[in-house]
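> Residues per chain, in single letters:
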Amino acid sequence: DVHLTESGGGSVHPGGSLRLSCGASGFTFGNYWMHWVRQAPGKGLVWISRLNTDGSKTFYADSVKGRFTISRDNANRKLFLQMNSLTVEDTGLYFCAREDYNSLDALDAWGQGTMVAVSA
Amino acid sequence: EIVLTQSPGTLSLSPGESATLSCRATQSLSSSYFSWYQQKPGQAPRLLIYGASTRAADIPDRFSGSGSGTEFTLTIGSVHPEDFAVYYCHHQYGPTLSFGAGTRVEIK
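Chains as they are written, first to last, in our numbering: chain Z, 1 to 120; chain U, 1001 to 1108.
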């Protein structure tokens, strides 16, 4: 079975930093593009970032560009999101998701999310 | 920036009724990269439809997707109790992605 497990969330003050991790199992991690998606409490899904298979191509939503960095360690089957200069608007549940080339690049597998709370 | 607008915001239905959910884009989209997701409370989203009309693995055939250009539709043929959830449309445009704000399907 495909599994994605996020970790690293927590409470932080505005201006602080956090590093999220996403562990993958049940598939050849290095063959898939990966994403981070955020969901603020009671709100909808917001795409945050995308990364290609070898980590050489990164894409970001305008709201996080310059503050967040996506990366991966294929040997250890992990995806990361380094979040700096956090603001209260970054609060939410952060999901990692797999982009499936067999499903026309739809996001076919999701973790359960890790919560980030930014407050003074 | 492509904006996806879903309607209605909330759909109140009784089990057995059919549901029609709409997603409108601010510019014409490639159907290939258009998909629908279901999210139940406390759960991660689940892929329902990709390529605008292809059901993902293990998705019941009461779910169907259609549309092209700027108008896309998700239809639930006969709503089951487990279908009450929030549904999101989604499109990948070049390197970035957009989600609609969601349609909540609730029990009437």
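By construction, these hints were calculated from the structure, which means they are not laboratory data.
Ideal placement from N, C-alpha and C gives every residue a C-beta, glycine not left out.
Don't take every hint at face value.
To be verified - Per label pair, the in silico range of CB-to-CB distance: (1) U:Ser-1068 x Z:Thr-69: 19 to 25 Å; (2) U:Ser-1066 x Z:Gln-82: 36 to 42 Å; (3) Z:Gly-8 x U:Lys-1040: 22 to 28 Å.
> Determine for every hint whether it applies to the structure shown.
Hints and how they fare:
no. : hint                              : result
1   : U:Ser-1068 x Z:Thr-69: 19 to 25 Å : 37 Å, violated
2   : U:Ser-1066 x Z:Gln-82: 36 to 42 Å : 40 Å, holds
3   : Z:Gly-8 x U:Lys-1040: 22 to 28 Å  : 25 Å, holds
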